[in-house]
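Enquirer: These protein sequence lines are chains A and B, in that order. Using numbering that gives the first Met the number 0, you'd call the opening residue of the first sequence number 0 and step up by one each time. Using numbering that gives the first Met the number 0, you'd call the opening residue of the second sequence number 0 and step up by one each time.
Keep in mind that the hints were calculated from the coordinates and are not lab data. Keep in mind it's a predicted model, so treat the numbers as computed, not measured. Using N, Cα and C, we set each Cβ at its ideal position, and we do this for glycine too. Each hint should be verified, as a subset may be incorrect.
[To be verified] Just the calculated beta-carbon pair ranges, DEER-fashion:
| no. | chain 1 | residue 1 | chain 2 | residue 2 | range |
| --- | --- | --- | --- | --- | --- |
| 1 | B | Leu206 | A | Asn477 | 23 to 33 Å |
| 2 | A | Asn370 | B | Asn207 | 52 to 62 Å |
| 3 | B | Glu150 | A | Ala483 | 24 to 34 Å |
| 4 | A | Asn370 | B | Pro186 | 43 to 53 Å |
| 5 | B | Gly272 | A | Pro611 | 37 to 47 Å |
| 6 | A | Arg316 | B | Pro186 | 28 to 38 Å |
| 7 | B | Pro186 | A | Gln262 | 15 to 25 Å |
| 8 | A | Thr484 | B | Gly203 | 25 to 35 Å |
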Amino acid sequence: MPPFQIKFMPENRIIEVDSGTSLLQAAAKAEIFIKSGCGSKGSCGACKVVVLSGEPLVTGTGNLTPEQISEGVRLACQTMIQGDMTVEVPLESRLKEHQVLMGDVQKGLLQESDHDLLEKFGHQPLATKLRISLSAPTLTENTSDWSRLSMEIRRVLKTGEKPVDIPLSVLKHLPEALRRANWDVSVTLTDIESGITVTHVESGNDNPPYGLAIDIGTTTVVVYLINLSTGEIIDQQGSYNKQAKFGDDVITRIVYAVENEQQLEEIRIAVVETINELIDKILARQSLNNTDFSSAVVAGNTTMTQLFLGVDPRYIRLEPYIPTMANVPSIPARDIGLHMLPDALVHCYPSVASYVGGDIVSGTLVTDLANGEDIILFIDIGTNGEIVLGNQDWLVSCACSAGPSFEGGGITFGMRAMPGAIERVVIDPDSLDVSLKVISKTLPVGICGSGLVDCLSKLLGAGIIDRVGNFQMGHPANSARLRATSDDKEFVLAWADQAGGGKDVVITENDVKNTIRAKGAIYAGIRTLLNMVSVEMEMISRIVIAGGFGNYLNVQDSIQIGLLPDLEEELYQFIGNSSIKGARLALLSQNAWREAKDLGQKMTYVELSVGPTFMDEYVSALFLPHTDFSLFPSCT
Amino acid sequence: MSVAIVKERFSGKIGEVILGATSEQGGTRTSTVTIGGDAALPFLHFEGKVNRPVIAMEVNDIPPTWNETLTKQYGDVFNSPGAWAKQCVDDFGADLIYLKLTGADPDGENRSPEDCARVVKEVLAAVGVPLIVVGCGDSTKDNEVIAAVAEAATGENLLIGVAEQETYKTYAAAAMVHKHTLIAQSPLDINICKQLNILINEMGLPLNKIVIDPLIAGLGFGIEYAYSIMERARLGALGNDKMLAMPMFCSVGYEANRTKESNSSADENPQWGDLDDRAVLWESLTASGLMQVGASIIMMRNPAAVKVVKKNIDELMSV
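Isolated chain A, as found in the complex:
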């Protein structure tokens, strides 16, 4: 059967696909990315498209209304191609370009501590570049090309016992490379504990070696370009993880990946492509070549790491939740397919357990948690709240499922921290008038995690909600902002004429309760972990918060709603995306990388689902701030 032509509107882009391909797959092939929340089960309704012409095989209509169906609306994942078609992909079904939290490179606390840490661990990157001038061989000085080169490398680097090696792929081109350069060459080397490997030989130049720090998040992927000689972050780029089309969360993706080998490879390719596109953008902007990238460090959660490597993730999801590996061998970029020097090594951060992954080990390294007697608490707030507690002698970690509220999921007007997101809210308790601070000072279109924390605290303060999150419809201010809808109650944060989307931006009772559940899970996780190691809140000397929920963290409001422990504000530190920062640090320091692998080994994982403690803590945390007021003395 000949391939069929599918035209996507409004791009007017035509691609050819075989019969039986779903519109979702065809769109991805056309590089039009459609939202998909359920992993092509036809249940979430996110992938709506309009069929303008053609007769596809429709395998399901999910939650579409009869009106929508008669208007030609179909679910892309349930629409199979069996002839030429023209399809319109509406805006609301598309994954949007968006700003991803890429770390506060220029400013803030972390820039300082990055620097300190690099000093602490020592600047000795995982890859280096040497300019070497060799004497040309003669009839009497007739040692081989490789011996000539390796002896010089040994002499310059004072390698001692450390072996210096060259892979066949580089060796093959060595004779020509040396002679073309007239024996003045630049040699790129991978330098790790087990030895030094030559990964590239080129004509002598003084360009610095570059490395890539990569954070693979379930939702977003971020790449930093690092000058390995100076440690400087030259460029950065972030985008959605293309695996999103297979499902929003790790579980849906695991389910998709374990179906068969082909789907596992498909999902692996999706993230590799995501990274490659980011690399290509950086390449173009910086006028560099693939071969300039001599090393990469990747930090991601356990599932992301396994999917990136194409390792069967099946048992992560099944009790007793066992990941395939903790430490990952370093792998040549060619084996993964990254747009780098083919022999450059890609190093993945080790995982601790199925739900405490390399991103957390990376964050733990950056927070300098295991350095001294002081007990430090590190919390990464995301869909999973991961918590690490400890000092130089011991480390415990756990993961609690908080849900996506703080990243904008499951909230009526929830969104990630990007222009148009409300990040601060002030409510006048007498009139219930609202003033907002919006990212990039645009009109508000939604609310991000930090705005949500703020909002909950202010709703409570103004008496709009009670301590379980019930809306108080009889509020004395009698404001039009507080209103009941057919199935919920809501508070208007911004009226339609002052909002970016042309609709009232509201927070509903349901949103409030979702947020209370999210904050309850995180606080319960903290309490359970402290309880297990018999540490009192007051013994914690520093609390480091990471996460992509906003540009800042309002500590006072976080305490008011019982998300974070009621401790002095000075003890808190917010570091944004800690995962990428740890990847950079490891890239620049062999000692840091060794420490990272140690950390992965040292960390004890506590499974919260064992025993009743977590559940009990969770229910008592479903209150603002908490059922036990004595834990929040500053809130009364």
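Fit chain B to the known structure of chain A by using the hints.
Expert: For chain B alone, coordinates are given in the frame of chain A:
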């Protein structure tokens, strides 16, 4: 050799709650009932003050659908809530009357809030003991019923209920305005129990106007869950958690009499023996079990079981 008795000393105690109001106190009761005030675990008199549990007998505004094993012990009183209540007090020795306004149920007789208030007045007139008044169980209707009842009985210091986490506001407001005490019910969950007490207290109702209903289960139907929740609440209260330090109400008569064991005849289950005896045992064992973990008000139905439990209380209190 002399043995030193080890005594546990607790930092907290259960708050004292007074039910009913005499004419000097603005009501019409001939006597009031005081519950709570315990400073030790139940019946450990040597460790601290232990207050006497009281029995509230159930009366409905319409004839009940109870098993004959119960109804045959009563006279011809079911068409007159006043007479019914009077028999409970005079003949069976009830300390309080628990009046459930079943007739208000929109799916049943759908009686008006005014009718309900009238029944409450009738029972108040018939007996001198304090009253517990609860609605029919339909939350929308009960909001209206309780508001009308609370107003009609202003100053009587009824124990009204049941307030839950989603509905507490009407109840708390009615109790505050018309000077009554409130039952706060949580679904076998100590955290929600405490949260509800905080919410009600934050509306302005003092802690000594709240009674906890931990939601119990009958013997053989999960009584151990109720027991352990009540035990945790009691230990928390004695450990000085003021938000748990209220006396507890247990709907024993309702739970014990909806079990199969309290209803199945000896013809159906010969191995279980005579139903009349069995029903008495089922209700009195449920009651005495929960008394051991701090039940202050025991709601009952079976007059013969009331007699057994009263004897049990007398023995446990005679030290």
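Enquirer: Against this structure, judge whether each hint is valid.
Expert: Status of the hints after comparison with the structure:
Checking the proposed 23 to 33 Å range against leucine 206(B) and asparagine 477(A) shows it holds: the Cβ atoms sit about 31 Å from each other. One distance hint, 52 to 62 Å for the beta-carbon pair asparagine 370(A) and asparagine 207(B), holds here, with the actual separation near 53 Å. In this structure, glutamate 150(B) and alanine 483(A) meet the distance hint of 24 to 34 Å, their C-beta atoms being roughly 26 Å apart. Between asparagine 370(A) and proline 186(B) the C-beta distance comes to about 47 Å, which sits within the given range of 43 to 53 Å.
The beta-carbon spacing between glycine 272(B) and proline 611(A), approximately 38 Å, falls within the hinted interval of 37 to 47 Å. In this structure the hint that arginine 316(A) and proline 186(B) lie 28 to 38 Å apart at CB holds, the actual value being about 32 Å. With their beta carbons about 44 Å apart, proline 186(B) and glutamine 262(A) fall outside the hinted range of 15 to 25 Å. A hinted range of 25 to 35 Å holds for the C-beta pair threonine 484(A) and glycine 203(B), which are about 29 Å apart.
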